[in-house]
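Going down the list, the protein sequences come from chains A and B. Numbering of the first sequence is given in this note's numbering, commencing with residue 1 and proceeding in unit increments. Numbering of the second sequence is given in this note's numbering, commencing with residue 1001 and proceeding in unit increments.
Careful: at least some of the hints might be erroneous.
Below 30 Å or equal to it, Euclidean Cα-Cα: the simulated DSSO-like pairs (lysine-lysine) are [to be verified]:
| no. | chain 1 | residue 1 | chain 2 | residue 2 |
| --- | --- | --- | --- | --- |
| 1 | B | 1108 | A | 12 |
| 2 | B | 1113 | A | 10 |
| 3 | A | 171 | B | 1108 |
| 4 | B | 1108 | A | 72 |
| 5 | B | 1064 | A | 72 |
| 6 | B | 1085 | A | 109 |
| 7 | A | 105 | B | 1061 |
| 8 | B | 1064 | A | 105 |
| 9 | B | 1064 | A | 54 |
| 10 | A | 255 | A | 234 |
| 11 | A | 71 | B | 1064 |
| 12 | B | 1108 | A | 17 |
None of these hints come from the bench; they were simulated from the model.
Each chain, written out:
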Amino acid sequence: MIRVENVSFKYKNSENKILDNLNFSVMDGEIIAIVGQNGSGKSTIGKLIAGIIKLKEGNIVIDDLNIRKNKKQKIIQDKVGIVFQNPENQIIFNNIYDEISFSLKGLEKTELEDRIQESLEQVGMLKYKNEDLYSLSLGQKQRIMIAEVLAKRPKYIIFDEPTTMIDSKGKEKIYKIIEKLKKEGYTIICITNLADEILIADRILILKNGKIVEEIKKEDLIEKAYVFRKFDIKEPTLLEILNSLKEKGIILDMKKFTINELVSKLKGKLKNEECN
Amino acid sequence: MQIIPFIIFTFIINCLLDNLYNAIWISIKLFIVCNITIIYSETTSISGIAETIKILCTPLKIFKVSPDEIKIMICISLSMISILKRELYEVKEACIAKNINFNVKNMKIILAKFFLSLITRINQLEDSLIAKGYSNE
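The following block holds chain B by itself, in its conformation from the complex:
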């Protein structure tokens, strides 16, 4: 249901910039791709998704790109989504407690706080990776 406004928006833009036939065709393709992605992400664990991407990236070894590192990046990024969602919710509650409305006007304050905690988290994750023996040397 959440993807429908996005598909409608795409349909309208393509109608304006192109023709109706292409707009319908692109919207149908987008609808199918979004649904397949949703089903895949709901039925596959983060490790599974990362492992799949790692296997698909194996040919990149020719260009000296490590698929293991790509797997680590995907795992961390996907895991961070739930953590950052919760963090954003905490920022919102803190703003409400301080009588700051959680809206576009106050976005500068909200984003500053959010990115500060994100950078702290990244620094701590870096320390943890080094402690676990990960090195990009």
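Isolated chain A, as found in the complex:
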């Protein structure tokens, strides 16, 4: 579990606090989405939890380990992995094997090879094992970056706008990876400003001016869809469709919030009406 308690943060040359007395928690095995406009402090939270930026005010507790009191960054980095927006700014080595093994210092060769193989399989990139990183597309590079994080076997993974620079086909592949990781028991924090990425989360936290202004559970998405408009965040298209249907008197009980689910629910509804 991750607990963020009374966290405030201000960058050195900034007058205002980017995060202001933030409080939230992330349960084991859930996906939470942190959404907000540009400059709301989303990436800053991710970097604080991953131990990249030093926390000065408040506490972040990861599995009873207080980041502020812990002087060994390696312990945090073994528990928390982070994938950033631009895969090209994360690459150090041209060779995929060197790149992934960079984060795995101290392991024996056989274990290293096993972990690299396993992580590349998890992201569907095993056949590219011997390719140069720079010859891959942006989506493929981002999947390698995810593999690099997975090879460390962290318990928590933070995705900081992972699909912003990637085409729609690449986005789909990354969403599938995130869903697969959830089923495997990883706890995921997805930082995003893309409406459709919200739908994969169990809970959505809306951030504004460094504070959490609203928390929405997945089952309440349809009822609380107006909240996104209230905070100038684009509603997911699927939610817009569901709300339009609700206004016409067609209420659908969605669980996964996918297009396939919508189609099957609508089919079911039409069949019921035909029978009646």
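Given the coordinates of chain A, work out where chain B should sit on it, guided by the hints.
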């Protein structure tokens, strides 16, 4: 072919500052070294070049200089070349779109934009290195 103007320039400078014999000798050496470097860089991967330099720098351990860190620096620098070339090309296109000529006169604007994106990239790379467990402590 691209190195020939540079070799001619070196030849002329050495002719003026020294003598013809030395100018020819230096130009020949420069030509050989440049060609060997080009062949080596075309036939060796970035990782291979970095690994070679790391092995050559192993004696520097006596002075507490880490060859692994040198390898990382070389890898990042060489990888950045293609990225920065593309970045410079994008800056050029942006300038053209804004009716700013890509010439020496407007170099201040062009370099400012270029270095700003370079510094952003470096900051992001630093975050990534920390996240991967790299520490210079």
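Do the hints match the structure? See the list:
1. 1108(B) - 12(A): holds, 27 Å
2. 1113(B) - 10(A): With a Cα-Cα distance of about 26 Å, the restraint between residue 1113(B) and residue 10(A) holds, given a limit of 30 Å.
3. 171(A) - 1108(B): Violated, at roughly 38 Å.
4. 1108(B) - 72(A): Outside the cut-off at roughly 43 Å; violated.
5. 1064(B) - 72(A): Holds - the C-alpha atoms of residue 72(A) and residue 1064(B) are around 23 Å apart, at most 30 Å.
6. 1085(B) - 109(A): violated, 36 Å
7. 105(A) - 1061(B): Holds, because 19 Å separates the two Cα atoms, which is no more than 30 Å.
8. 1064(B) - 105(A): Answer holds: residue 1064(B) to residue 105(A) is near 20 Å, not above 30 Å.
9. 1064(B) - 54(A): holds, 28 Å
10. 255(A) - 234(A): holds, 21 Å
11. 71(A) - 1064(B): With Cα atoms ~24 Å apart, residue 71(A) and residue 1064(B) stay inside 30 Å; holds.
12. 1108(B) - 17(A): violated, 33 Å
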